[in-house]
Amino acid sequence: QKEVEQNSGPLSVPEGAIASLNCTYSDRGSQSFFWYRQYSGKSPELIMFIYSNGDKEDGRFTAQLNKASQYVSLLIRDSQPSDSATYLCAVNRRNSGNTPLVFGKGTRLSVIA
Amino acid sequence: DAGVIQSPRHEVTEMGQEVTLRCKPISGHDYLFWYRQTMMRGLELLIYFNNNVPIDDSGMPEDRFSAKMPNASFSTLKIQPSEPRDSAVYFCASSHTGAGYPEAFFGQGTRLTVV
Chain S
1 QKEVEQNSGP LSVPEGAIAS LNCTYSDRGS QSFFWYRQYS GKSPELIMFI
51 YSNGDKEDGR FTAQLNKASQ YVSLLIRDSQ PSDSATYLCA VNRRNSGNTP
101 LVFGKGTRLS VIA
Chain Y
1 DAGVIQSPRH EVTEMGQEVT LRCKPISGHD YLFWYRQTMM RGLELLIYFN
51 NNVPIDDSGM PEDRFSAKMP NASFSTLKIQ PSEPRDSAVY FCASSHTGAG
101 YPEAFFGQGT RLTVV
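These protein sequence lines are chains S and Y, in that order.
FYI, our numbering numbers position 92 of the first sequence as 92, with every residue one higher than the one before it.
FYI, our numbering numbers position 19 of the second sequence as 19, with every residue one higher than the one before it.
Pulled out of the complex, with its shape left as it was, chain S reads as follows:
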């Protein structure tokens, strides 16, 4: 089992709709969870992080965490064509601190104008 799993997509949504991106992780002791966005040919950039169960909102983005189900999601409201990118879920390992992030392979999102 992969440590961090994501559906590779592509996920296609119309402009203005809500895009829902999902991620599951295998290490129950994982402490912190990150969503990175990566445009084609570019480097990953952080969108949001979440530590606690529940929802965390930042503008059009909402991260959701359910540690019991080992599940993280990212919702993008009012999707725009500029949101078209690959979204990477990343997890911090059990012995936290600045241990390296473990990444999923990413979900490719396409927002259709």
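One or more hints might be untrue.
Unchecked claim - FRET-style restraints, in silico, Cβ to Cβ:
#, chain 1, residue 1, chain 2, residue 2, range
1, Y, ASP57, S, GLU5, 22 to 32 Å
2, Y, GLU18, S, ASP55, 35 to 45 Å
3, Y, ASN52, S, GLU5, 15 to 25 Å
4, S, TYR39, Y, MET40, 40 to 50 Å
5, Y, MET40, S, LEU11, 17 to 27 Å
6, S, ASP78, Y, ILE55, 21 to 31 Å
7, Y, PRO81, S, ASN53, 41 to 51 Å
8, S, GLU45, Y, ARG64, 41 to 51 Å
What the hints assert, rightly or not - 30 Å max Cα-Cα, derived DSS-like pairs, lysine-lysine:
#, chain 1, residue 1, chain 2, residue 2
9, S, LYS42, S, LYS56
10, Y, LYS68, S, LYS56
11, Y, LYS24, S, LYS42
12, Y, LYS68, S, LYS67
13, S, LYS56, S, LYS67
14, Y, LYS78, Y, LYS24
Since the hints were made in silico from the structure, they are not lab data.
Computed from a prediction, not measured in an experiment: that's the story for all the values here.
Quick reminder that beta carbons are idealized off the backbone N, C-alpha and C, glycines included.
Chain S is fixed; fit chain Y onto it per the hints.
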């Protein structure tokens, strides 16, 4: 700050040649990570350093790969000899212990093609 700086941005080399990738982390960051990204395997950790000391190199695929960090502002990843299967995008990232959360800031990457 200019962010994490990697060079070169693109490298094309012939099989068997030595390749050296370079990275300058963000000033003040005490962790440095080398990742490799391919379509098949995604973003994989190769090695990471804390205060210039290698902490975990279990992700280095084989002895052909080596990495050094001689000081806080410079790191290299060397492949000798290179093989076509090493073709990938190599990212360097850095982070700061005191930030409260382990966000990694990525450089622009080096796209390596071994022919």
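Status of the hints after comparison with the structure:
1. Between Y/ASP57 and S/GLU5 the CB atoms are about 25 Å apart, so this pair conforms to the stated range of 22 to 32 Å.
2. At roughly 50 Å, the beta-carbon separation of Y/GLU18 and S/ASP55 lies outside the given 35 to 45 Å, and the hint is violated.
3. A hinted range of 15 to 25 Å for the beta carbons of Y/ASN52 and S/GLU5 is inconsistent with their spacing of about 34 Å.
4. Between S/TYR39 and Y/MET40, the C-beta spacing of about 20 Å breaks the proposed range 40 to 50 Å.
5. Take Y/MET40 and S/LEU11: their Cβ atoms lie about 20 Å apart, and the range 17 to 27 Å holds.
6. As the Cβ distance of S/ASP78 to Y/ILE55 is approximately 42 Å, the hint placing it in 21 to 31 Å is violated.
7. The hint said 41 to 51 Å for the Cβ distance between Y/PRO81 and S/ASN53, and at roughly 49 Å that hint holds.
8. A hinted range of 41 to 51 Å is violated for the C-beta pair S/GLU45 and Y/ARG64, which are about 31 Å apart.
9. Proximity of S/LYS42 to S/LYS56 is assessed by CA-CA distance (about 26 Å); at most 30 Å being required, the pair is judged to hold.
10. Restraint check for Y/LYS68 and S/LYS56: not satisfied, since their Cα atoms lie roughly 39 Å apart, outside the 30 Å limit.
11. Between the alpha carbons of Y/LYS24 and S/LYS42 the distance comes to roughly 18 Å, so the proposed pair stays at or under 30 Å and holds.
12. Simply put, Y/LYS68 and S/LYS67 have alpha-carbon atoms about 37 Å apart, too far for the 30 Å limit, and the pair is violated.
13. Simply put, S/LYS56 and S/LYS67 have alpha-carbon atoms about 14 Å apart, close enough for the 30 Å limit, and the pair holds.
14. Between Y/LYS78 and Y/LYS24 the CA atoms are separated by roughly 15 Å; this keeps the pair inside 30 Å, and the hint holds.
Hint violations for this structure: numbers 2, 3, 4, 6, 8, 10, 12, all remaining hints satisfied.
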